[in-house]
Each structure stands twice: as structure tokens, then as C-alpha cells.
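Trainee: Each chain, letter by letter, is given below.
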Amino acid sequence: MKKLSARRRHPLAALVVLFIALATTGVLFTAFAPADRAVADETAQTLTIEEGKKLYSVGCASCHGTGGQGTTDGPSLVGVGAAAVDFQVGTGRMPAQQPGAQVPDKPTIYSQAEIDQLAAYISSLGAGPEVPTENEYNPEGADIAEGGELFRTNCAQCHNFTGKGGALSEGKYAPSLEGVDPKHIYEAMQTGPQNMPSFPDTTLSEENKKDIIAYLEAVNGDDTVEPGGLSLGGLGPVSEGLFGWVFGLGALIAVAVWVAARTAKAKKS
Amino acid sequence: MSSQEIPEENLPAEQSAGLDQQEHGAVKVADEKNPFADPGLPPHEHRIQDIDERAARRSERTVALLFTVSMLSTIAFIAAYLAIPVDKAIYVFPIGHISALNFALGCTLGLALFSIGAGAVHWARTLMSDEEIADERHAIEAPPEVKAKVLADFKQGAKESALGRRKLIRNTMFGALALFPLSGVMLLGGLGPAPGTKLRHTTWAKGKKLVNMNTNEPLRPSDVAVGSLTFAMPEGLDEHDHDFQKNIAKDALMIVRIQPDDIKDPRELEWSHEGIVAFSKICTHVGCPISLYEQQTHHVLCPCHQSTFDLADGARVIFGPAGHALPQLRITVGEDGYLEAVSDFEEPVGPAFWERG
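Here the protein sequences come in this chain order: A and B. Take 1 as the starting number for the first sequence in the working numbering and just add one per residue. Take 1 as the starting number for the second sequence in the working numbering and just add one per residue.
None of these hints come from the bench; they were simulated from the model. Here a beta-carbon is modelled for each residue, glycine too, at the ideal position from N, C-alpha and C. Heads up, some of the hints might be wrong.
35 angstroms max Cα-Cα, derived DSBU-like pairs, lysine-lysine [said to hold, decoys possible]:
id: 1; chain 1: B; residue 1: 209; chain 2: B; residue 2: 198
id: 2; chain 1: A; residue 1: 172; chain 2: A; residue 2: 183
id: 3; chain 1: B; residue 1: 246; chain 2: B; residue 2: 264
id: 4; chain 1: A; residue 1: 183; chain 2: A; residue 2: 164
id: 5; chain 1: B; residue 1: 88; chain 2: A; residue 2: 164
id: 6; chain 1: B; residue 1: 264; chain 2: B; residue 2: 209
id: 7; chain 1: B; residue 1: 88; chain 2: A; residue 2: 172
id: 8; chain 1: B; residue 1: 147; chain 2: B; residue 2: 33
id: 9; chain 1: B; residue 1: 209; chain 2: B; residue 2: 155
id: 10; chain 1: A; residue 1: 172; chain 2: B; residue 2: 264
id: 11; chain 1: B; residue 1: 167; chain 2: B; residue 2: 149
id: 12; chain 1: B; residue 1: 246; chain 2: B; residue 2: 206
id: 13; chain 1: B; residue 1: 246; chain 2: A; residue 2: 164
id: 14; chain 1: B; residue 1: 167; chain 2: B; residue 2: 155
id: 15; chain 1: B; residue 1: 147; chain 2: B; residue 2: 159
id: 16; chain 1: B; residue 1: 198; chain 2: B; residue 2: 264
id: 17; chain 1: B; residue 1: 209; chain 2: A; residue 2: 183
id: 18; chain 1: A; residue 1: 183; chain 2: B; residue 2: 88
Here chain B is said to cover these stretches of chain A; the calculated rule only asks that three of the stretch's residues, wherever they fall, bring their Cβ under 8 angstroms from a Cβ of chain B [claimed, not checked]:
id: 19; stretch: 132–141
id: 20; stretch: 200–207
Let the hints inform the model, and build the full structure from the sequences given.
Mentor: Structure, rendered in C-alpha cells:
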């Protein structure tokens, strides 16, 4: 104790005390706070909507309005459907950190149960696309070649031939599709998030969407074989040429300089 | 030495005299023109291989080893080519999943070439003679007697050809040389027939249905949602047809639906069907397929040169090098409830050309 009090005037003492206080508060809060009720199996639809509305009022209402009618800061959510909520909140895009040209994805802050509640509330405002079932987006047995053709027709202009993403106007961009959950890809096609146009079932059938997901899995999955080795971002001749000129030619120059810098003479000068 | 004398010294005739003067005076090694005396070559130093025969033999063995490695690599290349199946994939640490055949071929080919190069460099540096030799340049100008002879020969030849006397030969020769390039000009005609009116027309015509390129089914107005993007071609076009590519290059359509209130251009609204607008997918700059559609701003961006068009305002060019708005196809709904064209495009699609007007 004497040792401790001897250091109470240490310049870092205040910081240490603050840290201990914060940690204690956190531990006490987790110990006494009500347990997460979202996982509880409350199937009653109205109850879910009720919960969703509460979550909405806290996390979304400041931009989208108290009734989802939209404000100058955020669009109306009437009729966007559960699929849009599942995509936007499930990929962490919503709630947005700040308004801007593009709202990027980030770690999700809601649990799946909470997202479902939010989705139930939003779809109660107006009918829209439903969250797809695994049956709908599971790419097993889909036609990868057909998917490639559909992808090049509908998606590649923005997302690049193998889904690596690309730039749009004024700071907007089409994100990379690498490692995106098939469900989220399906929902994005269905609902058209941000500046992406939608591809509803009437123009791009469920089967077509499955094919596209299968194609992406084939060219962009964890086990995708790059026959040539380094894909250099899969961006085409620009990155490949840059690599060749900088590293290929650079290595040749470095070797030439190294060879010439070492004298072969017996007497080193 | 006065400043007026310097230009004279620079004259070719004076220079040799100046040099002679310099050589006479041993102390005066430098003048204003050449302030540093030529130090000449440094004394030659030997390499260990020049002195020690054992070192030379070691170098010889190293070079031979490198060439042998190259031979073995080439044999390994052939073996890999024959033995490894094309579709076999392996995992190599920093690179990832890669074709085993490509990896083996690349490594062996690279090693074979590198070893030849390294062997040659080592050979040249350690064993070939490294005596420095200076080879003085001779004067660029020919000696006066050679110049005089060439001039005399030329005059003699001109006289013997009698070109100045026999005017008929001279004039016909000029005629032949002047006419000959015309055959090259005529060959330009072989570049192909003039395009005629082909650039002004597409397959679109009155009553042609808009067919969804994903499903090959004709489109109904209810299929096209606000904010969606669809690509369409005229009915009757088949992907397997011989001239499909030729036609789709002009016919390709981009279909979007905009809230009618958001459409600023009155003609665009009139040519649409309840906000469903059909625009040519071919950029008017150099003809890239253009479909980077942003559904919130209704801007379409061309990936080639960043031309940007505003689909809510008659596809007006709002940025980039494109010279014209994207041509719009006037559409309506037929009796059977499908979207169809009212006529062909009213202006040529794609990049501008000389006679476009």
C-alpha cells in the first residue's frame, strides 16, 4: 500500500485511475444489464415489429424520419422491403457513419435477430422484396458459364469481369464482391442498394441470380485457382504492365548494377 | 593571348599548329580550351584468375556448373510439360492457388535462361581477357583527294548520261516517276466499300418488341421497376446468327425507369412509356458499351473515357469527351401489352462520323 501511495503523484496516475474506473463500470454493466432478449423465440409478429420499431427509433430515425418517411438526410424506407434492410444493416452499411458520396461496408453492429426485427418493422411500412431463403441463393448446381455471361452483361461494367469492383463518378464506386455472402449478393441484385440499379426477378430471374452467384464463387472464392499465379488485383493490363515495368525491369537493373559494382580485380581498390 | 586570337585558333587549319606548340612546352599541359590534361589509362591490374591457375579452374568449373544447371532445367521443363496434367492446381505460399503446370514451366524456363546468362557473365568477368584497349576515332571528314575524286566522278557521270541534252528522255522519266504513286492511291479503294447509309440505321423499326437480353423474353412495362437496369435487343435477333454481333453493336439498348416527375426533358418524357426510357447503349464518343448507371443520380458513366450522361435530362453530356447525347429510342406499348419501338432511332447511334451532320 505504501508503494502505491508513493506513486500517487506520478504523471500517469490519473490515467491509470481513469482506466480502472472505466473497466469496473464496464464489468458491472455487463454483469447487471438485462440479458439480450433478441434471441428469445418470440414469434408473435406484432411483438417483433414492436421491437424493430424500438431499434429503428434509436438507430435509424434521425435520418430516415420517425415513421420511415425519409428526410433530407436519408431516403424513404416505405416499400424497400425486408431484403433491403437485411442487406444494408447486415453488411454494416447502415447505420451510416456519415453522409457522403458512398456509404462503405463495415463491421455489423446488430445481431441477426435484431436485423430481423428491424426488417419486420420496415416491411410493415410497405410491401417490398422479402429476405431470400437459402434455397433461393444457394448456388449449388447452378450454371457457372451462364452466370458468367449474365455477369458480363449486367454487372461487369461496374464490378469488373471477376467482381473486383471499380470507380464510378464523383467519388462513388462499385465495391469488390470478394468474400461477400451469397445472400447479400442476392439481396443487392434484388433491391439495388445506394447507386446500384436493381435487377428484379421480372428482368433477372431467380435462376439467373443463382447462376451469377455461382460464377462469382467460381472466379472469386477462397479456392479459386489463378492459373497464372499472382492476379495483381485482376484489374487487367494496367496493373500487370506496371508490375512488369517496375519490378521486372527494376530487378534487371538491380542485377546489372550489382554485377558491375563488384570488381573482379585481385587487388580490391 | 588576346581574346581576338581565340576564334582563329579554333579554325581547323590552326588547330594542329596549336597542338604542336603545346607539345613543345612540357610545362604547359593545358590551355583555355582544354584545361585538364588527358591522364591516359590507369595501369592494368590483374584478376586472381590471371595470376592463380587454380582460381581460374575454379571459375571454369563454376561457369560449367551454371551451364549444366541450365541443361538440367531445360530437361526438367520438358519432363514437366509431359508429366503434369493441365488442370492440376497446387498451393504455393505467397502466390496462392496456381496451376502446377504453369508454375513448373515458369520456374524451369526461368532457371534455364538465368543460368545461361549468369554463366556467360561469370565467364566474361573472370576468364576472358580484361585488357583495356583504346581505339582512337578517325576524322569524320574524308581526305581532300577522295572528295575531289567523288565530285569528278559525279560530274563525269552526269555528262555521260546526257540528261541535259536528251530532253525527251528527261521529260518522260519525270512523267513516269510522277505517275507511279497513283497506283498506290488506287489501292486505297481496296479498303472496302463506303458504308452508305448503314451508320444511320439499326434493326429497330415500328412495332419491334423489346426483348430482355437475360431471359430472351419480350418485356412488359410491369417488368421494369423504378431504379432497375435492363438490357434489351430487338425481337428476331438470335445470338447464334451469323450477323448477331454486327447488329447488336448498333441495336443494344439500356432500359431504365425514372419517376416521370424526375424527367426534365419534355421530349424524353414523350418518347418514354410511363417513365420507362430506352437509350442506346453505345457511347457517342468512340462507341464503348456504356452502362455504368447510377440509379440515384440517373447518371451513366462510360468506363473508357469517363463521358457522363444524364438519363433524366435527355441523356445530355454532363462530363467528358462525348460530343452528342445518347440517342433515345421512342417506345410504346403494343396491343398485346409488350413494350415495342415506335420507329428506328431518329439519329445515328454511336460515335460521330464525317457526314453525320
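Trainee: For every hint, state whether the structure bears it out.
Mentor: Tested hints:
1. B/209 / B/198: Judged against 35 angstroms, a Cα distance of about 21 angstroms means the pair holds.
2. A/172 / A/183: Between residue 172 of chain A and residue 183 of chain A the Cα gap is close to 23 angstroms, so the pair holds against 35 angstroms.
3. B/246 / B/264: 34 angstroms, holds
4. A/183 / A/164: Distance ~18 angstroms between residue 183 of chain A and residue 164 of chain A Cα, so the pair holds.
5. B/88 / A/164: Holds: residue 88 of chain B and residue 164 of chain A sit about 25 angstroms apart, inside 35 angstroms.
6. B/264 / B/209: 26 angstroms, holds
7. B/88 / A/172: 40 angstroms, violated
8. B/147 / B/33: 30 angstroms, holds
9. B/209 / B/155: Given that 35 angstroms is the threshold and the Cα spacing comes to 81 angstroms, the pair is violated.
10. A/172 / B/264: 23 angstroms, holds
11. B/167 / B/149: 28 angstroms, holds
12. B/246 / B/206: Holds, at about 20 angstroms.
13. B/246 / A/164: 30 angstroms, holds
14. B/167 / B/155: 18 angstroms, holds
15. B/147 / B/159: Holds: residue 147 of chain B and residue 159 of chain B sit about 19 angstroms apart, inside 35 angstroms.
16. B/198 / B/264: Holds. Residue 198 of chain B to residue 264 of chain B sits at ~32 angstroms (cutoff 35 angstroms).
17. B/209 / A/183: 34 angstroms, holds
18. A/183 / B/88: With Cα atoms ~31 angstroms apart, residue 183 of chain A and residue 88 of chain B stay inside 35 angstroms; holds.
19. 132–141: Since 0 is below three, the answer is violated.
20. 200–207: holds (count 5)
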